[in-house]
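2 protein chains.
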Amino acid sequence: MRILKLTPRIEKWLLSRRAQRDDEAHSVASEIVADVRKRGDFALFAWTKKLDHLNLARDGVWISRKEMRSAERRVSAEFLSSIKRAAKNVRCVAEKQIPRPWTFETEPGVRITQRVSPIESIGCYIPGGRFSLVSTLVMTAVPAKVAGVSRIVAVCPRPNPELLAAAGLLGTGEIARIGGAQAIAALAYSTKSIPHVEKIFGPGNKYVTAAKQLVSGDCAIDLPAGPTEAIVLAAEGNARWIAADLLAQAEHAKDAASFFVTTSPSLAREV
Amino acid sequence: MRILKLTPRIEKWLLSRRAQRDDEAHSVASEIVADVRKRGDFALFAWTKKLDHLNLARDGVWISRKEMRSAERRVSAEFLSSIKRAAKNVRCVAEKQIPRPWTFETEPGVRITQRVSPIESIGCYIPGGRFSLVSTLVMTAVPAKVAGVSRIVAVCPRPNPELLAAAGLLGTGEIARIGGAQAIAALAYSTKSIPHVEKIFGPGNKYVTAAKQLVSGDCAIDLPAGPTEAIVLAAEGNARWIAADLLAQAEHAKDAASFFVTTSPSLAREV
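Heads up: the sequence lines are chains A and B, in that order. The C-terminal position of the first sequence is numbered 271 in our numbering, with every residue numbered one higher than the one before it. The C-terminal position of the second sequence is numbered 542 in our numbering, with every residue numbered one higher than the one before it.
Warning: the hint list may mix true and false statements.
Computed list of lysine to aspartate or glutamate pairs in EDC-like fashion (alpha-carbon distance at most 16 Å, straight line) [as the list claims (entries may be wrong)]:
{"id": "1", "chain 1": "B", "residue 1": "K359", "chain 2": "A", "residue 2": "E105"}
{"id": "2", "chain 1": "A", "residue 1": "K84", "chain 2": "B", "residue 2": "E378"}
{"id": "3", "chain 1": "B", "residue 1": "K367", "chain 2": "A", "residue 2": "E11"}
{"id": "4", "chain 1": "B", "residue 1": "K416", "chain 2": "B", "residue 2": "E445"}
{"id": "5", "chain 1": "A", "residue 1": "K49", "chain 2": "A", "residue 2": "D35"}
{"id": "6", "chain 1": "A", "residue 1": "K254", "chain 2": "A", "residue 2": "E229"}
{"id": "7", "chain 1": "B", "residue 1": "K359", "chain 2": "A", "residue 2": "D245"}
Calculated directly from the structure, the hints in this document are not laboratory data.
Chain A on its own, in the form it takes in the complex (with noise of 0.2 Å):
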């Protein structure tokens, strides 16, 4: 972490770096977006084992229910008393989040209504680079299972015993050993192994979020997500709190910035 003086000169020149365009992401994930698009599975595998080192042929494309359950002995119970408390949480708020539906008549004989149906089925990309991000999960299974979802597929090129535990817990029990764009693809375009979804949410890398974009006139998607950037704003409080959360969103990948802006120096130091 670096301290610096907040000056109009140093927010410019933060703000330029972070806009920078990626078009080398952008034509990576072009080429194996179309590639998995035309050759399904053949695409996949191989994109699969270049990228994630993974053989899909030989260890199977799905986690099998012993993987799963071998996971759910390996996580200490601690772990999993976590997960249920967010889980928790996150229900309560996706609860309140449902829109209502309504019916009323704007002139005699003419009824308009608002029907709240949930789509069919989602994908739950959940990066794996440098360890499985258990909270996304959590926050894109939970709100889709208040919604009604009833397929929810999440990929992860190499899930911890943590994400398959969790998985378990909140019953969403498919899991796909796939990441990167070509995940991305399938999940938008469908390939022998892996179903098309109607909707693709979570965030990924810089290939992820431009295959995302690259998909979404045929796919939805929740939003093209990072790379993060997070700021705290603060005259006092909890470092360790501050701190903590500033590290929750830059351990996200190497690209994410977490940013304090506060009047205390004391504080900053401390943080």
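Following the hints, position chain B against chain A.
The following block gives chain B in isolation, referenced to the frame of chain A:
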């Protein structure tokens, strides 16, 4: 209109024809968007001259107060009262759709709040190729007013008196004489004459749709609208009303398609 017997083969043929991608539109829009983004008004004026045969440097980008007032005198009282009635109905629905703010505690000390605040500015793309679609203005500007959007910029290359009169009535004063992919690029990236807006609404031809998709990473869009597809499904009903609904959608553009599916051969012929 053609009457076809709906078999699985006919259905497949119709759907596959509609699903064709338009790479030409994407490539044309791409060139225009990049040019307007780079050269601003210079490119906007040049493309408008080339494609819409308008001289913006001479006639001005914005519709003048004088033109607005003259239009108001040229439209019928019946037209104005229809617009008032339509706006009232759209307003009722928009008011129902506003999400409500809420606050609650998930755990002691953890308060979650949903704030609802309007975006600051929107662009309304009013298709003007064959005639200005007044309904688009009503359906985009009225909900924006209900939401509290403070700046509403409408664009239409050749607004007819009806559109100008409706804009006056609805209190959305700003109308720019631009259209096509160049108008979308100007609203997304701003030029000297055209302000940047936060979100672009409204349907257009295939070049407009392609341009909206191209800018969507930098400026929010409603959805890639079109080409229009409408379907009416009825075993019995008022043939005049069904025909009116089909025609209202078919008149969107040359590539619009309206379908009527019925089990009654006589109703099909009547429609």
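Now the hints, each set against the structure:
1. K359(B) - E105(A): Satisfied, since the Cα-Cα distance of roughly 12 Å is no more than 16 Å.
2. K84(A) - E378(B): holds (14 Å)
3. K367(B) - E11(A): violated (41 Å)
4. K416(B) - E445(B): holds (14 Å)
5. K49(A) - D35(A): Holds, at about 14 Å.
6. K254(A) - E229(A): holds (12 Å)
7. K359(B) - D245(A): Outside the cut-off at roughly 47 Å; violated.
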